[in-house]
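Enquirer: So you can see what is in the structure, the chains are spelled out below.
Protein chains: 2
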Amino acid sequence: MSLTIRIINNISTNPNLFFQSTPKRPYSPSTKFQSKPIHHRNSLLPSVYKFRKMSASSFSSSTQIKGSLIDPDGGSLVDLIVAESERANKTLEAESMPKVNLTRIDLGWVHVISEGWASPLKGFMREDEYLQSLHFNSIRMKDGSVVNMSLPIVLAVDDEAKERIGNFKDVGLVGPDGDVIAILRSIEIYKHNKEERTTRTWGTTAPGLPYVEEAITPAGNWLIGGDLEVLKPIKYNDGLDHYRLSPRQLRNEFDRRRADAVFAFQLRNPVHNGHALLMNDTRSRLLEMGFKNPILLLHPLGGFTKADDVPLDVRMEQHSKVLEDGVLDPETTIVAIFPSPMHYAGPTEVQWHAKARINAGANFYIVGRDPAGMGHPTEKRDLYDPDHGKKVLSMAPGLEKLNILPFRVAAYDTGARKMAFFDPSRAKDFLFISGTKMRTYARTGENPPDGFMCPGGWEVLVKYYRSLQSEEVMKQPAVPSA
Amino acid sequence: MSLTIRIINNISTNPNLFFQSTPKRPYSPSTKFQSKPIHHRNSLLPSVYKFRKMSASSFSSSTQIKGSLIDPDGGSLVDLIVAESERANKTLEAESMPKVNLTRIDLGWVHVISEGWASPLKGFMREDEYLQSLHFNSIRMKDGSVVNMSLPIVLAVDDEAKERIGNFKDVGLVGPDGDVIAILRSIEIYKHNKEERTTRTWGTTAPGLPYVEEAITPAGNWLIGGDLEVLKPIKYNDGLDHYRLSPRQLRNEFDRRRADAVFAFQLRNPVHNGHALLMNDTRSRLLEMGFKNPILLLHPLGGFTKADDVPLDVRMEQHSKVLEDGVLDPETTIVAIFPSPMHYAGPTEVQWHAKARINAGANFYIVGRDPAGMGHPTEKRDLYDPDHGKKVLSMAPGLEKLNILPFRVAAYDTGARKMAFFDPSRAKDFLFISGTKMRTYARTGENPPDGFMCPGGWEVLVKYYRSLQSEEVMKQPAVPSA
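Residue numbers (full-length UniProt numbering), protein chains in the order written: chain A, 1 to 482; chain B, 1 to 482.
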């Protein structure tokens, strides 16, 4: 009996998975969007790359290391933290304003906006920004240029708060702990049509969308946009703040390491050797192309995630073991937390994930199967077509300057006894190991196949999955034994 | 008792209606999207106009009349009708191919695509075009430029048809009357996710969306894209074909009349004197700005409309009476049919309406309250925010070259005894006359107030509404009288 195991949650057996499409091709009404089979490892960097104006040789022919490899959207990085000298005054001022209470997710967005991940956005969206985001996934700037902006970054208030604000032009934002943490200036309040926001962002009204249930359904019927001033840097005091590097800090670190290419890898799951394979493989390709010092930004998402995802603290411990065990090279890898909340909005959200990494200084972005996707909440299928993410990303307005690197699926090759790029010609040799399967291994004390994940990383997961198991036992109602 | 009557169906009493927003302003994160009150007639051409590079003086200073006032999207007008000399051969070839049956609405789209209304689209969308339309309302061209493309223009096939097509590269398209009318070449078949298409296009899943019920719900689960070759021009033989001028014919007519500005007015309702007021007012403004010969394109939509809209033949008769009665000047007006089916998709669809008129040679586009909107099918409100249409239109990618002319609401001024722009300072003097109200007038034999509509046009409507009434009587079950 052949065991079917999965690497990526909800992977389907769709054969198209194993073909790389050629996105980023400009529109040509007379030619077909083609999918081409890829049969060799060199294809990790597909033709997409060739379309970009920037070539490796143009870098390698120059001995000068560029201070910044890619400009932030809008030309300069937004930084909305008020100067220390103004903090006391602004805090006093904020306390005199009408207040708006923030949820933990709202606070996450304040963090995201304040550090410039969403540059050129300078606050929660006003209606013109919101409508452009919703309809065009992008915003037109004064000079006619376009920046990508696929997720509405908005703040909801209820009728009572709207009433309280009245004609005030500025409001104080109160964090979940009761402190005034920011000012929103020159506000605009407009209708929060939740159905329109949800349908245009997710392309579905399936029940059980995690972000919708957590942050939209319970939210108020108004959105409040304005310019943000954050009184001091947002900290979480969870022992992980040192991982929360701002786009400015990341850019400085890339410069310090004299990076001539930065490739970002977004994830919200533990790192296994399949991920490591493609990150290392990408590095090799970049070196072959003439880059001298490509740096990997391993960039786990740190904001809201759904209940069955592995929590951030466990993931960070697991990631650090992966570096300790030498699976990734610490010299050429930066591990940091991306503070955004997760929407699970597939093709719409992957654009946000890529765009934010432009602002953090990455000029290459790795995209896999079904990015930012999840299983359909009620049906036995992926919520999104698993190929749409990379296609939409490759065609998205405002992301032309970013080099998109689509990758093939890796799986456990039972012949070679290691993770390898899936080869459809000997499909039966490959095992796919899902999160559910990992949980089963941990519960039964069984180890995954050698080479699936480094032992240190696996230990972290075993500990976590077993703690879940005992929690589940604790949650069982006490039943007298027979 | 003050009688509340409406001009535009579903008009609300929202005071913002009577303010012109200033759309087409480029994005500036630090400034607010402002709405400004407008108190004088000159404001019909708002600041939007001033942002355009083209100025009236640049036209009037030149004695040369431009052959084409605005380039078609993609640079040249698409024309997919096969040459007469090739018709016989291509028809034979088409008959040998696997066949796809078209509905009346599909045929409407073949008509639209074949004449270049959707330039640069050369056929039903393949997946890359479809995804860009759905996510970005626009498509990127080879040269990096962007054209607007807000509605997916797609052809659905069912499982059985997909099976039948198999590996064939080209298919024949069969019209509702059983004739092979076109070839679709180099086809691509991809999934028709109806929920995603509907939610991203309409921003709602409200039941009773006319186009969804008519054309999407009953359609197949696959979309077939490809390059279209139409064997001969599409004709309807309904006595109205002479009104169906192609974009090429319209452009030629504008040239023949030596137009130096063309302003398009899209409608799907009878023309009343409020419409006439704003069309004539627009012409006056264009003359004041220095244009010598502005031509009005009065452009009723001729494709699928919902059951309670006034049918095309009645509207065309009514429109011709409006010209006969001298309400609009035939010398400076062209009445033609826009062959597109109607989606009632509000802010998404108004972009299509504007974009298609670029291809027809119009360089000014008039937009009113709640364009392409309708009442919510199940709730007592507009389906869309009535201001979103003009806002979205003013910011839409690919429409920068078109001059958008938002207009204020006109109503019956009981003081002046004529249609006039609504003046909120004496709101009680104005009557709004809705379609429902018109129907009631016609039924009771009462006339609308003098000056609401020219007598000839009103007669056409009375005849139509009375015919409806007798149909309704005919539909009553026969009940014996007591």
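For the record, the hints were derived by calculation from the structure and aren't laboratory data.
Hints may be right or wrong, so weigh each one.
For identical chains, the list gives no copy identity; a pair is met inside one copy or between any two copies.
Taking lysine-lysine pairs in the PhoX-like style, the calculated list, with each CA pair at most 20 Å apart, reads [to be verified]:
#, residue 1, residue 2
1, Lys380, Lys191
2, Lys142, Lys401
3, Lys162, Lys401
Enquirer: Which hints, by number, does the structure contradict?
Expert: 3
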